[in-house]
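There are 2 protein chains.
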Amino acid sequence: MPGQVGLGEFDLIARYLAPLSASAPGAFNLSDDAAIVPVPAGEDLVVTTDAMIEGVHFLAKDGPERIARKLLRVNLSDLAAKGARPIGYQLILGLPAEPDEAWLAKFCDGLRRDQEAFDFPLYGGDTVRTPAGITLGVTAFGSMPSGSMLRRSTAQVGDDLYVTGSIGDAALGLETKLNHRLFSSAAMLFFDARLHLPTPRLAFGQRLRGLAHAAMDVSDGLVQDAGHMAKASGLRAVITADAVPLSLATRQAVQDDPDLLSVVLSGGDDYELLFSAAPDQAAAVVALSRSVGLAATRIGMLTAGQGVVVQDHTGMPLTLDHGGFQHFGGS
Amino acid sequence: MPGQVGLGEFDLIARYLAPLSASAPGAFNLSDDAAIVPVPAGEDLVVTTDAMIEGVHFLAKDGPERIARKLLRVNLSDLAAKGARPIGYQLILGLPAEPDEAWLAKFCDGLRRDQEAFDFPLYGGDTVRTPAGITLGVTAFGSMPSGSMLRRSTAQVGDDLYVTGSIGDAALGLETKLNHRLFSSAAMLFFDARLHLPTPRLAFGQRLRGLAHAAMDVSDGLVQDAGHMAKASGLRAVITADAVPLSLATRQAVQDDPDLLSVVLSGGDDYELLFSAAPDQAAAVVALSRSVGLAATRIGMLTAGQGVVVQDHTGMPLTLDHGGFQHFGGS
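Heads up: the sequence lines are chains A and B, in that order.
In our numbering, each number is its position in the first sequence, counted from 1, plus 1064.
In our numbering, each number is its position in the second sequence, counted from 1, plus 1064.
Quick caveat, the hints were computed from the structure, so don't treat them as lab data.
A few of these clues could be false.
Remember, identical chains collapse to one label, so a pair may be satisfied in a single copy or spanning two.
[What the hints assert, rightly or not] Listed next, the in silico EDC-like pairs over lysine to aspartate or glutamate satisfying Cα-Cα at most 20 Å (straight line):
#: 1; residue 1: Lys-1241; residue 2: Asp-1320
#: 2; residue 1: Lys-1295; residue 2: Glu-1073
#: 3; residue 1: Lys-1170; residue 2: Asp-1075
#: 4; residue 1: Lys-1295; residue 2: Asp-1075
#: 5; residue 1: Lys-1170; residue 2: Glu-1180
#: 6; residue 1: Lys-1125; residue 2: Glu-1165
#: 7; residue 1: Lys-1241; residue 2: Asp-1321
#: 8; residue 1: Lys-1125; residue 2: Asp-1256
#: 9; residue 1: Lys-1241; residue 2: Asp-1333
#: 10; residue 1: Lys-1125; residue 2: Asp-1333
#: 11; residue 1: Lys-1241; residue 2: Asp-1323
#: 12; residue 1: Lys-1125; residue 2: Glu-1162
Predicted, not measured: the structure shown is a model, and the values here were computed from it.
With the rest of the complex left out, here is chain A:
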């Protein structure tokens, strides 16, 4: 783990980062040039990378522990969407010339908490100095039985389209944060938690292997991500807006201001699983949902064609406009 953050680099690694690798023998206590990441025999190695930049993806005032945990969780969400079991990760930690040690201690405590929660140790990385601001990057490793990775591009005509949990809570949290939108105190706390502390749907994702035809996580926004799945699969996604699962708080917010529906459907940062499955798997999806204790709601289907159609419960297409609708062209 070579690099440079000024004179304290080796101390920084030894004091704050090496303990995070304690449960990973192949990390060699972060004292070598490289790490050995164990991939179980008969399994495929799956890798994913997400970076977070201060001033773009987070603000310093967001709190170091929450920043750390979101950094791990957005990567874990990608592993969940592929049906993978987490193995561990590499970290890029870019800090200004005079790093704030209190910030760093809290950041590493956040990493430690979620490493323990998800059995996801640090294997190595690089510490670097930045001219200004904090730069974070994670490459996450996971594995699943060979040939069983869930793909975006393998949805089939006639598949039902499902999403886990609820959609739009994080988008309303961002509305509160950026546009000072007001909701009830309880709702704002809930939206804020959903924005900053997504829950990677690992157990659900692993059990989708062999059941779902296609899967991905919802990070860019439900409509846009359904468009990505449809495009990758050469199909059209049809979503019934009324069927999209909303939390009580989000349902109330949309009732009070129907214009928020487009924010909810296209806002992003949900980190729920979007997946397609054959209609004859409907009972299996219900059973999985009950077994894991996580809602999975049928929100539409995949048909021949291209793009995304969002319709009301009568089948009338809705025209929504919002920044997230980059690939929206079905109505």
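Position chain B against the provided structure of chain A, taking the given hints into account.
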């Protein structure tokens, strides 16, 4: 490969990055959330990460193609030092809000050139917007037969200490660049090339498996890195300064100004291999050197004790002072 660089993100990935993954089926044309990185049966997966930040590790004027190639080569050098065969890499590409497409095209052309040279395709990553400046990060994957990774910490008492190639050329390149130090035109061109375009010693490193006791690459400076190997192995490194291999240009520079010796021995960015081997392997090292066509020079040995001693050819300890000598405490 989700992320955000503004409206052109998907175009950017499709036009510039996806072609770099063409030879890697597991990259799924960068259209999924994650990639499958193939690890040969019976081999260990080795991973390493290096980041490069504009204004710290490179300047925009350094040239996009050279920046790209150095980014890959410093990571490949870590794989070389572990005896690994390269597999491929994940890329974090952080660009300001209005990316310079000409810069990007040249940068990706640099990646392409070295990907082809080293059979090292892109598997995935993340594209992000930065408030200012370019942020680059690579996590590199390689493999070697299980249990055969070369370590830093496994040098043994009595081992000979070797280094490949020549030391100090890149440090004199940095002297020219940062301190406007003048050498002959030919020397300055050579130093500049050694600074910006290191050669990962992959073939040599792979053949060190089973021969060397310990190995690492020289990135922080020869004396400091010998100190890292000594510390990790619980030993002392003794280096004979006169034995350190210098290029003709560097030898001339040190003759003209003996003060440059400390820059040469501690300057860093050499990306040569530093390794230890039992004395009875001396003939095997010579044979390997001839076979690969790369010099390997015995520069000292490992003894009981700690720290690094740099001595002249009579065994008198030399006292050197330079920023790179953070762990220097043997004389």
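Checking an output row: Lys-1125 and Asp-1256, CA cutoff 20 Å. Within, between, both or neither? Within. Shortest intra-copy distance 14 Å satisfies the 20 Å Cα cut-off; inter-copy 42 Å does not.
Can you tell me if Lys-1241 and Asp-1320 fall within 20 Å by alpha carbon in one copy, between copies, both or neither? within (19 Å within a copy, 62 Å between copies)
Treating 20 Å as the Cα threshold, decide for Lys-1241 and Asp-1323: within, between, both or neither. Answer is within; shortest intra-copy Cα gap is 18 Å, inter-copy 57 Å.
Alpha-carbon proximity context of Lys-1241 and Asp-1333, limit 20 Å: within (14 Å within a copy, 44 Å between copies)
Pop the pair Lys-1125 and Asp-1333 into one bin, within, between, both or neither, using alpha-carbon distances up to 20 Å. Result: close within a single copy only, 19 Å intra versus 36 Å inter.
Can you tell me if Lys-1170 and Asp-1075 fall within 20 Å by alpha carbon in one copy, between copies, both or neither? Within one copy, since 16 Å is at most 20 Å while 38 Å is not.
Could you place Lys-1125 and Glu-1165 in one of the four classes (within, between, both, neither) given a Cα distance threshold of 20 Å? within (15 Å within a copy, 33 Å between copies)
Within, between, both or neither: Lys-1295, Glu-1073 at alpha-carbon 20 Å: Answer is between; shortest inter-copy Cα gap is 16 Å, intra-copy 45 Å.
Checking Lys-1170 and Glu-1180: alpha-carbon separation at most 20 Å within a copy, between copies, both or neither? This pair counts as within: shortest intra-copy Cα distance 15 Å, inter-copy 42 Å.
Lys-1241 and Asp-1321: within-copy, between-copy, both or neither at 20 Å Cα: Classified as within; 18 Å inside a copy, 60 Å across copies.
Tell me, please, which holds for Lys-1125 and Glu-1162 at an alpha-carbon limit of 20 Å: within, between, both or neither? within (17 Å within a copy, 26 Å between copies)
Check Lys-1295 against Asp-1075 for me: Cα-Cα at most 20 Å, and say if that holds within a copy, between copies, both or neither. between (48 Å within a copy, 14 Å between copies)
Against the hints set out earlier in the document, no violation occurs for any number.
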